[in-house]
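Chemist: Here is what each chain is made of, one letter per residue.
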Amino acid sequence: EDQVTQSPEALRLQEGESSSLNCSYTVSGLRGLFWYRQDPGKGPEFLFTLYSAGEEKEKERLKATLTKKESFLHITAPKPEDSATYLCAVRVGGYNKLIFGAGTRLAVHP
Amino acid sequence: ETGVTQTPRHLVMGMTNKKSLKCEQHLGHNAMYWYKQSAKKPLELMFVYSLEERVENNSVPSRFSPECPNSSHLFLHLHTLQPEDSALYLCASSPHRAREQYFGPGTRLTVT
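Which chain is which? The protein sequence lines are W and L, in order.
The numbering used here runs 275 ahead of the 1-based position in the first sequence.
The numbering used here runs 20 ahead of the 1-based position in the second sequence.
Just so you know, these hints were derived from the structure itself, not from any lab.
Errors might be hidden in some of the hints.
Interface residues of chain W toward chain L, partial, derived using beta-carbon atoms under 7 Å [claimed, not checked]: (1) Lys343; (2) Phe347; (3) Ala377.
Cross-link-like lysine to aspartate or glutamate pairs, in silico, DMTMM-like; alpha carbons within 25 Å at most [said to hold, decoys possible]: (4) W:Lys343 with L:Glu104; (5) W:Lys344 with W:Glu333; (6) L:Lys56 with L:Glu120; (7) W:Lys343 with W:Glu356; (8) L:Lys42 with L:Glu87; (9) W:Lys372 with L:Asp105; (10) W:Lys317 with L:Glu104; (11) W:Lys338 with L:Glu120; (12) W:Lys343 with W:Glu284; (13) L:Lys56 with W:Glu320; (14) W:Lys317 with L:Asp105; (15) L:Lys38 with L:Glu73; (16) L:Lys61 with W:Asp314; (17) W:Lys372 with L:Glu104; (18) W:Lys334 with L:Glu73; (19) L:Lys39 with L:Glu73; (20) L:Lys42 with W:Glu320; (21) W:Lys372 with W:Glu356; (22) W:Lys372 with W:Glu335; (23) L:Lys61 with L:Glu76; (24) W:Lys317 with L:Glu64; (25) W:Lys332 with L:Glu76.
Beta carbons are placed, not taken as given, at the ideal position from N, Cα and C, and that holds for glycine.
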């Protein structure tokens with residue numbers, strides 16, 4: 276069964292304290308891994324797509340990496356505005372079906 | 021309007037009511053999706069439309085009925101819902117079925 280697991284469930288950081296979020300997956304044929312950011316009461320906001328092991332993408336303080344079994348979202352010197360829930364999803368099947376993880380709630384304190 | 025819009029943003033309905041959620045995408049995409057997001061549960065895909073044809077139905081109860089009249093509009097018709105259907109309902113679109121999905125702000129539904 277296709278599955279996506281994110282850890283930790285919640286993470287509290289001090290401003291400037293770098294860390295990483297994990298997304299591990301078991302799918303029968305990965306066709307893309309997606310990272311989203313979701314603020315309370317809002318829809319998810321697209322961040323990155325990764326397709327093959329070894330691929331990396333960067334955007335401001337965020338960097339996503341992919342291996343054959345997991346993906347990491349590295350946050351460098353986070354700021355309070357980076358506080359949000361970060362969602363990981365994998366694409367399976369022929370019709371862009373995404374399976375989401377439960378997310379990591381990140382809180383960055385000044 | 022830009023991106024993906026959803027109306028209403030909040031909806032409270034009784035178990036015997038009938039209501040509809042509306043989604044509109046202004047991105048020129050040709051695939052649209054309905055998701056359900058319940059508290060402390062992952063996003064669940066409900067329906068997928070590609071070029072206005074329903075191509076995925078994730079075993080959703082018949083009290084949820086989708087409609088896609090054209091590539092820009094998507095509806096979710098609701099009737100005789102249960103309290104456990106209370107959730108955030110999210111609409112998304114993508115430029116092609118193999119590309120990233122862009123989400124609307126969601127409709128917060130409460131069934132009383």
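Chemist: List, from low to high, the hint numbers that the structure doesn't satisfy.
Modeler: Result: hints 1, 2, 4, 7, 18, 21, 22, 25 break, sorted rising.
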